[in-house]
Structures are given as structure tokens and as C-alpha cells.
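Going down the list, the protein sequences come from chains A and B. Here the first sequence stands for residues 1 to 273, where the numbers follow the numbering used here. Here the second sequence stands for residues 1 to 302, where the numbers follow the numbering used here.
Worth flagging that the hints you see were computed from the coordinates, not collected in a lab. Ideal placement from N, C-alpha and C gives every residue a C-beta, glycine not left out. Incorrect hints may have been included.
Claimed, not checked - A short list of chain B residues far from chain A (calculated; beta carbon distances all over 12 Å): (1) D52; (2) A55; (3) A56; (4) A69; (5) V105; (6) L130; (7) E185; (8) I222; (9) V246; (10) R261; (11) Q264; (12) F289; (13) Y292.
Said to hold, decoys possible - Some chain A residues near chain B, calculated using beta-carbon distances under 7 Å: (14) S124; (15) N125; (16) Q126; (17) V135; (18) G217; (19) I219; (20) A222; (21) V227; (22) R240; (23) Q241; (24) G242.
As the list claims (entries may be wrong) - Which residues of chain B face chain A? A partial, calculated answer using Cβ under 10 Å: (25) S210; (26) V212; (27) D249.
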Amino acid sequence: MTGMVPSLITLVEGFALLTWVGSGLLASVVSHLAPVVSTLHASLGSGFGLLDVPFERNYVESIVYVSLYVSLTAVVLSTLISLPVAMVIGFSEFPGKRLVVAFINTGMGFPSVVVGLVVLFALSNQGPLGPFDLVFTKEAMIISQFVLAAPVITGVSLAAVTSVEEGIRDAAYAMGGTRLDVALVTINEARYGIVTGILAGLGRAISEVGSVLIVGGNIASADGTSVTRTLTTAIQLEARQGRFETALILGGILVALVLLINGLLLRLGGGRI
Amino acid sequence: MQRRDFLAAAAGGMTAAFAGCVGEDDLDAAILDETLTLTTTTSTYDTGLLGDVNAAFEDRYGVRVEAVAQGTGAALETGRNGDSDVVMVHARSLEDDFIRNGYGVNRRDLMFNDFVVVGPDDDPAGIDGLDDVLDAFETFAETESIFVSRGDDSGTHAKELDIWDASGVEPGGEWYREAGSGMGEVLNQADQTDGAYALSDRGTFISQRSEVDLGIRVEGPIEGGPELLSNPYGIVAVNPGVHEDVDYDLAMAYIGFITSREGQEIIAEYTVDGEQLFFPEAVSADPNFQQYVPEGWSTDEE
């Protein structure tokens, strides 16, 4: 038991650090993204006049906003939970550890429609969280994407953290480092893996259509501003209505956004890439 | 809002002198910024009709309408769970179940259009010119022509099953394909599949006609076709006695608006490619009791 206490303190310190690093990272991603997105829109906006694209600029902008808001929030939240969980599991031995890891790995492949259904049942007026009135809101979509992204980020970070050689940690201790130093060293060593995990989680969140359609309802207001319509559900709607060009353009925006976020995160987290 | 409250309190002394101004405060009435959740069918949503109706309602009441486009079955189920405030659908038998089980109150007839059988212009099954949709469906089975069914428990799917039922043919086999998708998607599938037919509501078909290579093979009652292909829409509020937190008063305001002369005019004036998609039927000087109760209901029932 006494052996657990210091390692727990290490973990708490590591968590505080990660929270700080993680929030700084994502905040800078968002701040970097904002001008790029508005430039993207400006160029799209000027393109509308030439191409006569059959949708409003406001429509696309609000959809992109909802997509980014929901997915980034979900990923930040799952990162804040997943990283400490990955550290706890990675640095400790306990009975049933393999089972927990197997469970996390299963969660990585959980079908998004099933997650959507379960979240819908939980949030529905009839469900346990009914009083909060969350069905068909962005919050509901954040919850379902959180459930989707968390196992991915946990699983990949866990692999990254455990692959940091014990010798490195021991060396940090031996050189008189505090527990914080050791946690720092570990995170520093595992940072590529952790960033990959966050990216994988974000990729899963922003590109899935099943759960956000079910819990969000794909709502846009009468003036064409998205309420719970994301890029993916908008693509689905446009395809359903036979407007394949619009669907393709939205698809292009989605791919561009994911590419952009990946580039920024890798740059910020990796430095070398 | 807090600052406004504070100012209001500070000005309290003056209000006695200007009692007439108190009425101004009513502009901050509680329904402002409230949200009405409407679940409806893909046909009212995908045709764009709801955009016009909801914009006018939002202008008038200062509230937001969030319209969720589902199939009729799913729209009613969402209402049954208390997750929507008002339901606009087109399958009378399913609406009747909804009312009978106490989930819905104050149903009104809203509008109608009709169903049409659509298919490729070269008409491989040879149903062109058939007046009777039952004959057409029997022909599909005999010639094993590909028929794309909604297969999604929607109002259109319910109508299609009614027609198969009436024709006495049990659909099935290679030629019968259940898409499990919305009307638009089914039209796309029928368009992409050689020689495929489908049953569509006229509204969705007209609004999508320019995107697909299909034509009307059997007309509905609006163009003189059989009455079996009529497609009436109803609107019903979710019962606040079953779900206490539904926005019943807003739901009734919405029903009131869409069945008013103004709301019905918006429906009548909504056109795509110059063609009217929906025909209002809520405003009438003649009494129509059957719209409020399950079809055929009378006090003789238990």
C-alpha cells in the first residue's frame, strides 16, 4: 500500500502537468485554426459568386463551427480524463489489469451508432439524465463523442507511456529528480505517442456521423444556421436530397480541416514533423 | 438580464407615475428565446416547406423552432419519449395509436398531397397509363421489376405496405429492395438502379426531380389518380399529462399558427419549380370532428 502512495502522487503531479500542457496545446490549436478557417471561408465565400454554389456562406460557417466546437470540446475533455487514466494504468500493477486494457481496446472499435443509441437512452426524457433536457443539443453530441474518443486516446497513450523504458525513469530518479521531474521525463519521452492518440481520438470524433445524428438530430434553424448540424450530418443530408455537389464540397472542407488540425497538432506536439 | 432587473428595480419609484409603461415589460415575456422541438418526416423537411413555415413562426413569436427530420415512426417515438413537443407526420393509423395511448393531444388535419409511383422513362414493367395502382404493384411482382422500398417505418413505407396488402401480393425476393433510408435516398437509389421503381410522395419527388432520371408512372389523386394514393399530413401536440416538461403551450402556439389562415397560406404558396407541393386543409367553415380523434372513433367505443 505504501508503495502506491508515492506513485499516486506522481500521477497527480503528472496529471496537473498534462492538463496544463494539454489545454495549452489545444488552446493554441484553436487560436491557430481561427484565422485559417476564416481565410478558408473568405476564399470559399468569394468562390460562391463564381461557382454559384447552392448554399449560404452562413450555413457552411455555422456547420464548421458546430463541428469544431463539438469535436474539439469532446477531445479536450477526453484527453483530460484519458491521460491520467493511461498513466495510472501504465505505472501500476493490479489484478485484472489485462482485463481493463482489453476493455479499453474494445472501446476503441465501438460502433458509433451504438454509442449514439446508448447516449440517447441515457439523455432521453425517459432516461436517467432526462431532467437535464439534453437530447438534440450540442452537449449531447459532446457526450457521445467523448465516449467515442476517450478509449482511443486512453489506449494509444497507454501504449506510449508503457513503452517508455523503465531505465529512463530510474535514471531520472537516480539523478535526484523529483517525482514531477520523472513524470515530465516520461511524458516527454511518450509525447509522440500521446499526440498520435489525441489525433486518433479527434479523427474518430469529427468524422463520425452515426451518434451525432441520433443524439443531435441534425438541426439547423430556419435561417440556415446550424444548431446541431455537423459537417458529417450535413453531408448525409445533402446526399439524401441528391445534392451531391454540395455534399462533396462539404466533404472537401471536412478533409481539409482534419488535415489542418493534424498538421498543427503534430507541429506543436512533435516539433520535428 | 440582471442589470436590467436592477434598473427596473431602481426605476421602481417612477413606474408608479408612469403606470402605462408597465406594459412594455411584457416584451420580456418568458417565451422569448424558448425552443420548440418539432419532430417531423423527411418529406416536409427535405422539400424545404418547413424552412418557410418556421421562419414565419419564429418572426411572429420570437422563439426558435428546432426541426428534427425523421421517419414518421421515429418522429412519433421521439414524441412518445417526451423528447419533442409537437409532431408533424403522415400516417393516420400510427397517429391514431399515438393519440389512443395518451401520448398526443389536440390533433389537427394540416395539409395533403399525394403519392406517385415513379420509374424510368422507358418503363420496362409497362405500367404507364395504368389508372389503378394495385394493377401496377401486381405487375411489379409478375415481371419481377426492381422496386425500391423505404423499409424504414415511415409514412410512405406504411402507405406502400397498405398498397401491397390491398393488391394481395406478398412482396419479396430479389426484385424487392428495402433501402431503410429517407425518401431522397430511395429516389437516388432507384435512379442509380437500372429499371427500378419506387413509391414517392409528390412533394419530395418534385423537389428532387431535377436531380434524378425518373418520371411519374402512376399519378396520385391530385392529378386524377386513385384515392388510395392520397397523403394527408396531421399535426399533434405531445401530451403534457404524460410528459410534464414538454413545451405544450408553445406546441399549441405552433399548431395554432400552422393551421391559421396565415400558416395555411404559406403552405399553399410554397412552390418548387413553379409547382405547388402541399395543399392546405386546416381552414374550413364546415365542422370536421374526425380530425381530433382516432379515425372512425365514436362515443360507442369503450
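Could you work out which of the previously given hints the structure breaks and list their numbers from low to high?
When the structure is compared with the hints, numbers 1, 2, 3, 4, 7, 9 and 27 turn out to be violated.
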